[in-house]
Amino acid sequence: MRLTRLTLLALVVALVLSASAYASYQYAAYQGWGYLQDASSTYASNWTQNWFQKDAQGFDTTVTFIDNSTYSWHNTVRNTYKTTATTLTWSGTTKAYCQSHTTGFFGSCTVFT
Amino acid sequence: MRSKILSKRSALVALLLAVAALAAAAIGAAIGREAPAALGRAAGTPDALPRGAQGIGMLKAGESRRVAEFSAAGGPRAVYLTRTEDGKLVCVWDTDLMTGAQGGGCNDASDFFGGRSFTVSLAYDGGPAVSSIANARLVGVVTEAVSNLEVIYSSGRHARLAISADRGFAYVVPDDYLKSGLEPIAVAAYDGSGTEIDRQSIEVG
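For the record, the sequence lines run as chains E and G.
No gaps in the numbering here: position 3 of the first sequence is 12 in this note's numbering, and each next residue is one more.
No gaps in the numbering here: position 92 of the second sequence is 1283 in this note's numbering, and each next residue is one more.
One chain only, chain G, in its complex shape (with noise of 0.2 Å):
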């Protein structure tokens, strides 16, 4: 009888332990304190980061992630999650899959997101006067709450940013675009609902 008690308040105990669990990883989502999805998946062939793009002194990446893939001029490339060898920061990388150069940066791993819904990085060659800005490239994560990203021009133009099934995303500014005076002015994410839930500031130059 008694064993049978204690059975029941064990299996009390943990069925409001992983109730607590789930909460916490709700609240985590919503206010975008939790780790990139990517890397709480197993990784494959296509998460080992190419030749020449293991990173260096403090940033030295341990377990990675490809998260997107896309074209830009120069070739083949992919957006990288990696946790340094140390554990402590977790990186997004704008990756030259022919070279390994990469670009991008890296955030503390126990706040990647730090409340926000997702993160970006602007890259380019040639500049600093806009017009001779080409092969700009916006790159980053973004967390389970987003459903859409669009990135919005100076001139009011929007345009979809593809979500990849690891939450990346990757795109490349048409360099038209930017010769004739069109920048990218910011990223906004929506919700479900179609509902802004962030946006950031893009500047080029």
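Isolated chain E, as found in the complex (with noise of 0.2 Å):
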């Protein structure tokens, strides 16, 4: 009895802290990247983070957000780092988008709620 107690407690505590972990969703898979080649996550309205992962520093990226009325961009961030990272700051319904401006690495996109 006590045994199912702790399991059953276990897991609600579980569920709590699944329920309010980030979720992520990689948009753009690990691939070799060309000039101006891009790709976009769908629309939605809980997007909070944005990165662009590379397997090296010095290729130039850009993470931003589009919204899905004006198509404007938002909290766009563009450098070299091996990371490029953004947080949305503009409340409403977007995609993630990222774009590489130049060629020859590797890497992914990944958008956060």
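Calculated directly from the structure, the hints in this document are not laboratory data.
Only a predicted model underlies this, so the values are computations on that prediction, with no experimental measurement involved.
It is possible that part of the hints are untrue.
Claimed, not checked - Sample of chain G residues at the chain E side, in silico, Cβ under 10 Å: (1) Leu1288; (2) Gly1294; (3) Gly1317; (4) Ser1371; (5) Leu1373; (6) Glu1374.
Said to hold, decoys possible - Straight-line C-alpha distance at most 30 Å; calculated BS3-like pairs for lysine-lysine: (7) E/Lys104 with G/Lys1251; (8) G/Lys1251 with G/Lys1279; (9) E/Lys104 with G/Lys1370.
Said to hold, decoys possible - Example chain G residues on the side facing chain E (calculated, C-beta under 8 Å, incomplete): (10) Leu1250; (11) Thr1290; (12) Ala1292; (13) Gly1295; (14) Gly1296; (15) Cys1297; (16) Val1311; (17) Leu1313; (18) Tyr1315.
For each residue, glycine too, the CB sits at the ideal point set by N, CA and C.
Using the hints, put the two standalone chains together into the complex.
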């Protein structure tokens, strides 16, 4: 009986933790990138962060969010860091977008809720 | 007598090791392999990240240092240097002090500058058309070798970027420059003699 209660408690704790944890969605799989190659996620109202993770630094990339009404860009970041990252502060429905401005590297793009 | 010889030998070895360490540090600085200097100083209260800026996933922040402060549209901002919890990455964040929202990037802690004299990140709102971009900002950190830093515009105009004591910098591109088609195209670094030692292209949009 005691074991059952403990198991139940553990299950409840796990459910609470998983509900409050960030979820991620890799919208561009790890691949080789070319000049001006890009990718975007689906539209959603709960995206918070967008990353372009590369296998090395020195490659110019952009991450941003594009809204679904004016198609304007929000919280755009462009740099050559190994990971390029941004946080969305605009409230509305957006898609995460990533773009390469160079060639010769591998990487992936991920958006978080 | 023997202990005196041993003592002299120990002192000589210690001296040689110290010289080797200094030489390695100097070589590291010269070729841009050193870690950002601010992470080597003691942390104070202002170095703590604002609420909402702790990072997530593999970029979750461990230690942090505030290396520059500035104002932009929307309020006060700061540049933070952070080391991820696992110690593998060092990140530079353009941070909104009111919301904690951050943009920037991370490099390997073992080779943060990657042989360059500085890092730079461009952030902005609006676009992709240059005329609709606002609140564009350049932030980053420089190595000890850099004495001066300049942003170069498409017209050839130059503007000096202030370097903080912690070797950070932040610069806000005037909105009217972008509206009139004047874009930042590069950032250049100069050593103490005025010689250009690094230049990195910047492109808006």
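Hints versus structure:
1. A distance limit of 10 Å between C-beta atoms decides the matter here; for G/Leu1288 the minimum to chain E is near 13 Å, and the interface restraint is violated.
2. For G/Gly1294, the interface hint holds, the least distance from its beta-carbon to any beta-carbon of chain E being 4 Å, beneath 10 Å.
3. Restraint check, G/Gly1317 versus chain E: the minimum CB separation of about 6 Å is within 10 Å; hint holds.
4. Nearest Cβ of chain E to the Cβ of G/Ser1371: about 20 Å, over the 10 Å cut. The hint is violated.
5. With its C-beta approaching chain E no nearer than about 18 Å, G/Leu1373 sits outside the 10 Å limit, and its interface hint is violated.
6. Contact between G/Glu1374 and chain E, as hinted, is not supported at the beta carbon level, the nearest pair being about 13 Å apart and thus beyond 10 Å.
7. For the given pair, E/Lys104 sits about 23 Å from G/Lys1251 by alpha-carbon distance, which is consistent with the 30 Å threshold.
8. Between G/Lys1251 and G/Lys1279, the direct Cα distance comes to roughly 11 Å. Compliance with the 30 Å bound is thereby established for this hinted pair.
9. The straight-line distance between the Cα atoms of E/Lys104 and G/Lys1370 is roughly 26 Å, inside the 30 Å bound, and the hint therefore holds.
10. Here the hint on G/Leu1250 is kept, as its CB sits about 7 Å from the closest CB of chain E, short of 8 Å.
11. With 8 Å as the threshold, the beta carbon of G/Thr1290 comes within range of chain E, its nearest partner Cβ sitting at about 6 Å, so the hint holds.
12. Annotation: interface hint on G/Ala1292 holds; nearest CB of chain E at approximately 4 Å, less than 8 Å.
13. Given hint, G/Gly1295 at the interface with chain E, holds; its Cβ is 6 Å from that chain's nearest Cβ, closer than 8 Å.
14. Taking 8 Å as the C-beta cut-off, the interface hint given for G/Gly1296 holds, the closest approach to chain E being about 3 Å.
15. Given the 8 Å rule on beta carbons, the hint for G/Cys1297 holds: about 4 Å separates it from the nearest Cβ of chain E.
16. Look at G/Val1311: its Cβ gets to within about 7 Å of chain E, closer than 8 Å, so that hint holds up.
17. This hint holds: G/Leu1313 has a C-beta 5 Å from the nearest C-beta of chain E, less than the 8 Å allowed.
18. Restraint check, G/Tyr1315 versus chain E: the minimum CB separation of about 5 Å is within 8 Å; hint holds.
Violated hints, listed in ascending order, are 1, 4, 5, 6; each of the other numbered hints is respected by the structure.
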